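Trainee: Can you make the complete structure from the sequences, with help from the hints?
There are 2 protein chains.
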Amino acid sequence: MFDVRVTVRLKKGVSDPEGKNTKKALHLLGFDQVKNVNTLRIFDIQLDSVSKKEALNSAEQMCQRLLTNPVVHDYDISIEKM
Amino acid sequence: MFDVRVTVRLKKGVSDPEGKNTKKALHLLGFDQVKNVNTLRIFDIQLDSVSKKEALNSAEQMCQRLLTNPVVHDYDISIEKM
Chain H
103 MFDVRVTVRL KKGVSDPEGK NTKKALHLLG FDQVKNVNTL RIFDIQLDSV
153 SKKEALNSAE QMCQRLLTNP VVHDYDISIE KM
Chain R
103 MFDVRVTVRL KKGVSDPEGK NTKKALHLLG FDQVKNVNTL RIFDIQLDSV
153 SKKEALNSAE QMCQRLLTNP VVHDYDISIE KM
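Just so you know, the protein sequences line up as chains H and R, in that order.
Anchor point for the first sequence: position 16 equals 118 in the working numbering, and the numbering is continuous, going up by one each time.
Anchor point for the second sequence: position 2 equals 104 in the working numbering, and the numbering is continuous, going up by one each time.
FYI, nobody ran anything at the bench for these hints, they're computed from the structure.
Treat the hints with care, since some could be wrong.
Note that identical chains are pooled: a pair holds if it fits in a single copy or bridges any two copies.
[To be verified] Subject to a maximum C-alpha distance of 30 Å in a straight line, what follows is the list of computed DSS-like cross-link-like pairs (lysine-lysine):
1. Lys154 with Lys126
2. Lys183 with Lys125
3. Lys183 with Lys122
4. Lys183 with Lys137
5. Lys114 with Lys137
6. Lys122 with Lys154
7. Lys155 with Lys122
8. Lys155 with Lys126
9. Lys137 with Lys125
10. Lys154 with Lys137
11. Lys137 with Lys155
12. Lys125 with Lys155
13. Lys183 with Lys126
For clarity, every value in this text was computed on a predicted model and none was experimentally measured.
Mentor: This is the structure in structure tokens:
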């Protein structure tokens with residue numbers, strides 16, 4: 103079994119409305135020291151693969167086919183043996 | 103300036119519908135080796151604080167007042183000087 107962590111972030115230059123609204127809300131609550139907020143999404147996936155290489159290969163395919171949108175997202179994958 | 107990373111996860115025992123649906127979709131795509139999927143949310147916040155202690159204190163308050171729901175979420179905070 104492998105623990106796969108996929109971190110999905112917006113590409114540089116792509117607007118992050120959730121981050122902007124969070125920043126606005128924090129300012130309204132009086133946190134004026136907040137200069138910027140970015141949001142990221144993490145998928146922690148437990149994979150029953152035979153090797154680390156196979157797990158990485160599967161995770162790459164999952165990112166390309168479901169987890170990320172290549173137009174707006176960058177992602178990275180980290181893998182640990184359980 | 104400090105880089106504050108707030109990681110928000112669901113508490114143990116709290117249902118993660120997004121993770122469950124992601125798992126279901128991955129199975130439909132043929133990734134049968136997927137045993138479980140959990141989702142996490144990260145907020146990367148740039149804070150203009152004078153000290154690390156003040157930044158940590160502010161981040162704690164932000165979590166309690168806006169970023170997390172104490173009924174369902176656990177969170178941790180990491181801070182780096184920029």
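Trainee: Does each hint hold? Answer for all of them.
Mentor: Hint-by-hint comparison with the structure:
no., hint, in the structure
1, Lys154 with Lys126, "between (42 Å within a copy, 23 Å between copies)"
2, Lys183 with Lys125, "between (37 Å within a copy, 20 Å between copies)"
3, Lys183 with Lys122, "between (37 Å within a copy, 22 Å between copies)"
4, Lys183 with Lys137, "between (38 Å within a copy, 14 Å between copies)"
5, Lys114 with Lys137, "within (17 Å within a copy, 33 Å between copies)"
6, Lys122 with Lys154, "between (37 Å within a copy, 24 Å between copies)"
7, Lys155 with Lys122, "between (38 Å within a copy, 25 Å between copies)"
8, Lys155 with Lys126, "between (43 Å within a copy, 23 Å between copies)"
9, Lys137 with Lys125, "within (8 Å within a copy, 36 Å between copies)"
10, Lys154 with Lys137, "between (39 Å within a copy, 16 Å between copies)"
11, Lys137 with Lys155, "between (40 Å within a copy, 18 Å between copies)"
12, Lys125 with Lys155, "between (40 Å within a copy, 21 Å between copies)"
13, Lys183 with Lys126, "between (40 Å within a copy, 23 Å between copies)"
Of the numbered hints stated above, none is contradicted by the structure.
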